[in-house]
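J.: Below are the chains, spelled out letter by letter.
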Amino acid sequence: MTEFAYVGKRLTKPDIYGKVTGEAKYTDDMTVPSMVEGRILASPHAHARILRIDTSKAAALPGVLCVLTHKDCPDSRFSRSTMAEALPEFAFTGERQDQYILTDKARYVGDWIAAVAAEDIYTAEAALELIEVEYELLPMILDPHKALEPGAPSVHDDVAGNIAFEMDHPFNSGDVDRAFAEAEAVVEFTGVNSRQKHLHLETDIAIAYHESDGRLVIISPSQGPHLAKKHLTKRVFPDLSDGDIRWLSPTIGGGFGARLALGVEPVAVLLARACKRPVRVTTTREEDFSGYSSRTDQHQTIRVAANKDGKLLAIEQIIVADSGAYLSHSATTATVNMQKTLGVLKCDNIRGHLTVAYTNTPTTSGFRGYGNPEGAFVFQQALDRLAEKIGMDPMEFRLKNLKVPGDPSCFVPVPLEHTKLEECIHLAAEKIGYKDKWQGWGVAKPGRYKRGIGMSVLTHASGAGGFLLEHSSCVMKVLSDGALNLIVSPCEMGQGIIGALAQVAAESSGLRYEQIRVSTGDTDVTMFDIGSHASRSMLVIGNAVAAAGVKIKEQIRDRAVALFAEHQVRVTPDQIEVRAGRITSDAAPGVAFDVAQVAYAAIYDFGSGGSQLNASGSYLSTSHHPNHQAAFAEVEVDTETGLVTVLNYVSAHDIGRAINPLLVEAQMEGSLVQGIGFALTEDFVIDPDTGRVLSDSLLTYRLPTTMDVPDMAHLLVEDPLEAGPFGAKGCGEAGLVNPAPAIANAIYDAIGVRIHSLPMAADKVLWALRHGEGAAPGGSRVSGQYL
Amino acid sequence: MKQIGTFRVNGKHCDAIIEPHMLLVDVIRDHIGLTGTKRACASGNCGACTVLADDQPICSCLTLAVTAQDRALETVEGLRSADGTLHPLQQAFIDHCAAQCGYCTAGMLMTAKALLDANPRPSREDVKRALSGNICRCTGYVKILDAVMDAAQKINAAREVAA
Ligand code: FES
Ligand code: FES
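From first to last, the protein sequence lines stand for chains E and B. For the first sequence, position 554 (counting from the first letter as 1) is numbered 554 according to UniProt numbering, and the numbering increases by one without interruption. For the second sequence, position 61 (counting from the first letter as 1) is numbered 61 according to UniProt numbering, and the numbering increases by one without interruption.
Mixed in with the good hints there might be a few duds.
[Unchecked claim] Simulated pairs of lysine-lysine, DSSO-like, Cα-Cα distance not exceeding 30 Å:
#1 E:Lys9 to B:Lys154
#2 E:Lys311 to E:Lys276
#3 E:Lys346 to E:Lys435
#4 E:Lys431 to B:Lys128
In short, the hints are calculated from the structure, not lab data. Everything numeric in this text was worked out from a predicted model, so none of it was measured.
Chain B with its partners taken away, still in its complex shape (with noise of 0.2 Å):
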């Protein structure tokens, strides 16, 4: 039974027809055209179709597209602002070389987003910890975690020039 959602990613809206069985990842990916959020196991245990729903980091394999239409969807490609400067855990995971194959990269950074936004002092301990649902098969997780830890100085740094 098709029936045309509404979705509000990156804080814009969009209608795509969807039937109740389609999932999140597949609506973002396939029908609103936002194809950087990535489908590696549909079982939700690799991260990388981690989207964030009202701030939350969810796996976006697991909800059904329809159960997400209330809420505020953010995708790897609502990062950059609207000037298009880079997010410093964008920029980070340049300068540190954090992606390889880049794969599981919109989930790592959709999961540090979260993390950030909550914790902005996070230990390594932490990041670590966070980040320990989202499987990369290429990097060995140390250029990752070495941004992640460097953004968020640079967020904060930023965030003390400004106070």
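Isolated chain E (complex conformation) (with noise of 0.2 Å):
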């Protein structure tokens, strides 16, 4: 094998010094001269049409520079997801743009009804409340199957029957009826998520300005400014086009999909734009409940059917989405989800069909496995349940249904290069002990505390070439010492990408890694990059960053057959190495020479033809590569309360190589501590009567602390991808997909009853317990209805 200098090594990264000092700057931080503080007036109402609006009072209060309502938005509707800008124009049907900056016609307990701006925050918060609003209440729709009925309240008075995107699964295949009717056992799984909360706990924040000669400047932790920039001028603000505005994107206090839609930032240019201040908009914790971004609660009906052996033989899959008020990424989370969940195992015969519905609740969004943990909740457990009605080992059942490198990825145009997803399953079973801990189905466990072991396995994306534009593009120069400054777009939201990428541009050049200098985060400098999502960055960032580090080191061994010349070595530039930081050959043995010589000797050069080594790298994915990983998850289960305790969770990961396997071990254990919170508390709760959201704070909705950190361990499968930077894939979102569907199955194990929605919390378990889980199909709304 390659021995590299740096790929592969536990590096630290080098934005963490500035987060332990207090030093790194996020948008919070920042001050713009002359600046005045934004806030956005929510209508309590889930449903009503604003009849009269009066802002004159709040526009009196001295202080207040500007109040703003709907009629001072652009007549032009957009999205929160700017996905529609990297999708080929036939898809924009999955984007619809629905909404405007304020409303006329709230759609949610939340929905922006006004704007203000005001000297400083206690000014602008009193103002807020000086608006008088009068609205007409209209009936609202919180359920998606409601919505659906005919006769409903219309949530868009333009949309018939609160259909907000409907349509089969792009891959259907086979003759699925034919398979079901002749198969020797047919099970069905129907069951929800919650709404899961990102949480970043940067809440949601922009600053916008007009610099000097004009140009718009955005500050805001979004996770794709490139397409955001694209996407505002293109669809909220038509008046202004690409180049009107520099968007910087700080360090970024967590994403996981929330920066991936609009947040403020369009409030913040309105505001800007009307009183020609630096404005910047703040939210509250409670705002950022009641808000827009969320898991897209997907209720599903799954049934798979199999021959006697254990082959899969159908899948049919039924989606109910529920976008909320607006569908922002609700339709392409409910279509990653058909495709993640029914692409992972071979089956000929697919059917998938999915409806998203709009209601009046807040819109949801894109968040961390978009769509696959939704669909693995689901999926995962009607193949145990399909293994236990054939009499098979859950973890026989899917080993004997992998996918093989031919096979149709769960991309299904482009087949599948690179699996090594059973690796991953035996390597976890044996950490775990799994041919000791599961005991054959049916087995009653004695006593109080019952303990199950339970299994899930997962493909998801590195990038979504073929279907998204993955592309991206970066800028590496020299300095003078040596050091690269490399000028690349990722979004560092704390996934450790910027330093990954640093590990890939040092042993790509031959640079020392730890003279690699990141500029990131403003459009003005960075080349084009669609943003840090799909798992996305390591596989296509990386490639471009690869691509330019060999150009650099072309040049420097161009260079170096000079210096060998002045010590009376004639070499050519394929006999020079170039390897952190030095410069040697086999052919001249105690010859070295520094890059910095050669870097300083590019740029200083009085002579002629001087030019500062340099080079740009793009990288445009236009194939799929997904990843794999197997988990395991052992569970005690508390038949006195039903609660749900974590014990060991082990998983293992086909990550084609790792980059810096420490920090993809510390994105396992985060998404699994996240994959632990949606699995078993974290709910969003919306009251039945009213449409408010009941969970608006931390205390009402619970997330895992250091005490439900359980024992674990992620085993990395290296086996090089041939398309990936030095074999690596993308990792970042497939810790989160397991956790619920194998902490589900091993619920199951220890006490035989499935439990149909999350979070799987102790009132819900000890409901099923005591009347059976048919008596609690679970709906992802109200917490406590067990009770």
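Make the complex out of the two chains shown on their own, each in a separate frame, by following the hints.
T.: Quick look at the structure:
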């Protein structure tokens, strides 16, 4: 195997120093001279038309600069999701443009009605209270199934039947009806996930101001500023064009997909343009809860069929997803659910159908896993149920139905090139001691505390080549001391991509890792990139960086020929090695130079033909390179309280190659604990009478704490992917897919009851234990309903 | 009613014009200019705003600034020693990759510091309990716990060498 200088090493990340010293600057840590504060008035009603809105009292308050309403907004509709800009025109049907910045008809409690800019935050908040709004209350619809019934109130006047989006699985295949008819075993499982909140600790925020040349600057924690800029100019403010905006995305206080949608940026721009002052718009934690961003709840019925020896014969998945008041990412997450869920195992007969319904609830969005955790929770339980029906070990059952290279991938038009899922299953099973712990179906466990083990497998994207515009470009230049300035646009929201790309840059260029200086987060400086999502950055940006690095290395080699010549050594460029900042050649043992010598001479060249070492790299992925993972969870259920405790969790990940195993492990640990929250406690609760979000604080929406961390191990199965930079695949999202289904299957193993909705909170488990699972089919809306 | 508040932060005196309703977190960030302390819930439920007041960790979002004037305050910016050397906790957070987005980090460090000052040899369980009021959405806590345990060990080892 090739010996790498940096790839594969557990190096710490360059941006962490500022985070432990408090020096890292997040949006809220920045001020712009003469900046004023913006706040937003939200609707208290789930569905209401504004009859009259009087802003005169608010505007008259000393210190208030402007008060804006729907009358002051551009007359163009947009979506919070910016993905339309990375999709080919034909795919826009899944990206409906359906909202204005401020609305004249509130479609959920929290919808934006008016915006204020004032000299300070206290005045801005006082002004909000002085805005008088007279509403005509409209009948509201909070349930997606009811929203689809004939005669249901319309959320959008121009959308019939509240159908926001509808489609068949794009890769329906085979003869599903025949397969079901001929199968020896058929089972069905119905389930729904909750609207998990991203809960990035940094709440939504944006600063907007004009520079002296009239250009607009936006500072906000965006996961994809280039795309957001295009979207903002094309859809939200069509009088502006791409070049009119400079978008700065500083240190980001957590993303998980939330920053993939527009947040308060349009309001900040609206206010800054109106009052001609720099404006910072902030939101509170409560507003974040009642706001626009959460996982989409997808109600699913999955039917699966097999023959006696465990061959999976058919899958059918019916999804009804609840977009909330506006479409945003909900159609695309439901589509991805179908792709990833139905695409993980080999099956010739597949049928899926999805309907996305508008309701008068907060808008949902994309969240780490982007549809995959939603689907896995239901599908992996359906698989277990099928394995039970034919009396087969659930692990054996999955192993029997694995895909091999050449089979259709989860993105069906593209064949699967690479998978190590089988190795992952064996490795993780071995580590957790599955053989000893799984005792067979229907074995009753004695005592109050019952233990169980369950598993789940996944496939996930490394970018969505062939579907999205998977394009990234970068530039690098070498400074006079041999440092490399890598100018690139991934968004570092904590995942560690800056460090991993620095490793790729150092490895491919031959420069020193410690001297890689990454510049990012400024659309005026960085080249195009569609943002950090879909576990794409490592593969797509990584390839762009690796390509540029190779060019730098070539330039160094070419120039180093002269250095060797000075030492009376004749070498050709291909005999020269550049590694970790040193230039050597096997042809001249004992002679070595520092890259800095070449770099310095290139810049401070008083002769002719000088030019700084520089290169650019681009990568456009047109293929799909899924990563895979197997995971096992061991749980203990207290049958007197219903409380589920995760004791142990082992995952094994088909990662291609880990550029930095420490960072991969960190991603897996973080997403597992987020997944445990998704599985067991995080409940987004909407009041069925008012549409108000009841779980609107960290007290009522329960996140995992240090006390909820189980024993865990995350194993890596490394086998380089040919298309990946140094063989790497993406991994950022995968860790959140398996926890809920693996825990659900383990709960069943422990107590013999299946839970059909997330979170599998103690009250729900207890109810199911006492009344049988059929009595608690679950809805994601009301917590405590089972007590 | 504006007044001049006098604070002692990281051993230095600083004056700030404050009003009675102002929260300590906002005064530290916006008036004293130490933005390392974060505000993430403003209701005492996440710990991001944790600072030390007379060596005790407090939520600066639940503390009125006026009431903190007579206390010795310490923020993340005060952890490094005067010559710039990182506190062992900071170094351990770097070594273990215990910060991802970093928004919880200042609060984690301050809570951990208070713990180690009071209990130099905590068990992992002690650390878990001490940090249970600090929410981290990114790391899954494992590396944070590793880092605090490691820092405790290093501090103790250094003490033994010195003694
Ligand atoms: S901001 Fe103070 S505890 Fe959350
Ligand atoms: S590192 Fe992001 S919240 Fe802890």
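J.: Evaluate each hint against the coordinates.
T.: Here's how the hints hold up against the structure:
1. E:Lys9 to B:Lys154: The given pair, whose Cα atoms are some 24 Å apart, holds under the 30 Å limit.
2. E:Lys311 to E:Lys276: Cα-Cα ~66 Å, so violated.
3. E:Lys346 to E:Lys435: holds (24 Å)
4. E:Lys431 to B:Lys128: holds (25 Å)
Violated hint: 2 only; the structure is consistent with all others.
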